[in-house]
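Trainee: What follows is the residue order along each chain.
Protein chains: 2
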Amino acid sequence: MAVYSYDQLYQFTFSVFKSIGCSDTDASTATIGLIAADLRGIDSHGVARLSGYTRLWEANRVNPKPDIRIVHETPSTAVVDGDAGLGLVVAPYAMKVAIEKAKNVGTGWVSVSNSNHFGIAGHHAMMALEHDMIGMAMTNASALVAPTFSIERMLGTNPIAVAIPANEQPPFVADFATTTAANGKLEILQRKQADTPEGWVQDKEGNASTDANILKKQGALLPLGSDREHGSHKGYALGSIVDIFSAVLSGASYGPWAPPFPAYVAMPENMPGKGLGHFFGAMRIDAFRPADEFKSHMDNWIHRFRSATPAPGHERVLIPGDPEREMEIIRMKEGIPLVDSVVEDLRVIAQKFSLTF
Amino acid sequence: MAVYSYDQLYQFTFSVFKSIGCSDTDASTATIGLIAADLRGIDSHGVARLSGYTRLWEANRVNPKPDIRIVHETPSTAVVDGDAGLGLVVAPYAMKVAIEKAKNVGTGWVSVSNSNHFGIAGHHAMMALEHDMIGMAMTNASALVAPTFSIERMLGTNPIAVAIPANEQPPFVADFATTTAANGKLEILQRKQADTPEGWVQDKEGNASTDANILKKQGALLPLGSDREHGSHKGYALGSIVDIFSAVLSGASYGPWAPPFPAYVAMPENMPGKGLGHFFGAMRIDAFRPADEFKSHMDNWIHRFRSATPAPGHERVLIPGDPEREMEIIRMKEGIPLVDSVVEDLRVIAQKFSLTF
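Top line first, the protein sequences correspond to chains G and D. Taking the numbering used here, the leading residue of the first sequence gets 2, the next gets one more, and so forth. Taking the numbering used here, the leading residue of the second sequence gets 2, the next gets one more, and so forth.
It is possible that some hints are incorrect.
Calculated pairs, DSSO-like style, for lysine-lysine (alpha carbon to alpha carbon, straight line, at most 30 Å) [claimed, not checked]:
(1) G/Lys296 / D/Lys97
(2) D/Lys296 / G/Lys275
(3) G/Lys275 / G/Lys205
Derived from the structure by calculation, the hints contain no laboratory data. Given the structure is predicted, the values throughout are model-derived calculations rather than measurements.
Take the sequences, apply the hints, and build the full model.
Mentor: Dropping the structure here:
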């Protein structure tokens, strides 16, 4: 475990994205998006994925100079073709389109095709906050999740993020995979050689399992709710909605045909669309009620929930976004710790592109 | 247990809504919405609630002749004041506004204040389908749910419904409470004097419980995910988003201040808004891509998921909306079974309004 400053990781990541051919602007946008994950404590989605992105570029699955464009639009909607660009670049483009539409007609909704992994959903949703808007971001992803009553991997971990501004209180920022546990949680357990809790995964025959390596043995993640009795059909429905909004609306590849993140995994056959899909939304607060009024009620909402009586053994009730915001403050000050395997990964990338790390 | 035809329940329910002062049109709208729940097998939300609605009217909490109106709007948004009307009447009004806005600018989003319980969310979301639109409906409700790490009841079961049209396949219709189990599931167990599974409820001290009567003892329902280790913070976030979109955006009463459904429960003090809140959305498919193209990909999506390999012991993988649609076909043909306590309830209502049942 070694600790790096934000600036160190920024400079290195920026030069990697430059090395694969990104413009200065795109490299900066992608770097800010990627390191937002490390800052906010979602270590699985930050520089730990940089080698994955470079391998996708080597496999010609990422276009470093994409011609991202609107292919269809109405006053409140657009479909964006990401031209196989980095999701980290395509997503902010699409979110800006949503925000502009919201300025004009109250809300903006953008479905994106032909993209790649976009980092953490919350980073993009939060772009709306400074405009006094509610922001939303979701994406489909390669299939690792078995629907309720199935043993086949049909859906990605398909996260949903919703960011809602307040006034004196920090914003409400929910950002979660629609599975019981995100894949990154399994990776952490694999490193510790520990088992998962019950209800996170099943084996290839559909039996309950606690093997953190089960995805390498054709097992599957379970939808939020774990099993039918605990509402897994609701997690399955949520993941499906994300898949349909992100990919069927836009013309991206959906369900089990979503392109895999590891470059060594072959692309699915007979893909029904292009690349990964995302979906973004922006709602102007004052399209509903005066922004000051709304934000002061959000202060009240957040204050009331934060002061709800805690259960024994717990000090306080959290508001969605609290842990990540607190982590960001700590890591900006004290630096970002990286586990050895990630440091080694970054060294290999540095060698490959003749950079220093 | 006795079985009634749709027409029998329609006639009786219609005459009850007429008796409390609804117009013919409103009584018909409310009846169709209420009995949709019985038809679709969501027995807790159908005529079983009719006595609850009449008691709210007796307590002057329901206005049978509401002046429902738009109080603020932009091309893609509106806020509707329900004037304390039946949610079963206010919701279709608001959903129609969303659909009209979607016709004009691609999408429509309507937040509603000053309303009451609106029956099943799916019924309203499905109004969008015949217009080749995706429909959404959600509502807040009286607080029965403890956030993760809390023992205080802060949120309702706050359901989300999303209806998505297909072509040859029936539509995708998700409609679910953002809790592990809906309150109606507890009521069924109470009648059977059975325990709940682990993970549905906690007692007033926050201990795990399987007591189906625990809500009467200051216990709480658990958010979807049950506990932190299984993602209850995600269910808590979802329920919160529904609360904020439905009530903070519109000016309704939110969180623990949401008005209670049972008329004998006193209204909360210092309510920050008016009545219950709802949120509706309509997205025109062809605001994104040609409707025929989308619907044929939805056919493909549904077909592929329905043919996913089932787990041992399960015959098939379901698509959200399958069980309710199949139930509707059966009950339209064979009638709607009502348990004795509901029949007795309806007899009491009949006597009260000098009707025959």
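Trainee: Indicate, hint by hint, whether the structure satisfies it.
Mentor: Hints versus structure:
1. G/Lys296 / D/Lys97: holds, 28 Å
2. D/Lys296 / G/Lys275: Cα-Cα ~17 Å, so holds.
3. G/Lys275 / G/Lys205: Judged against 30 Å, a Cα distance of about 28 Å means the pair holds.
In summary, this structure violates none of the numbered hints.
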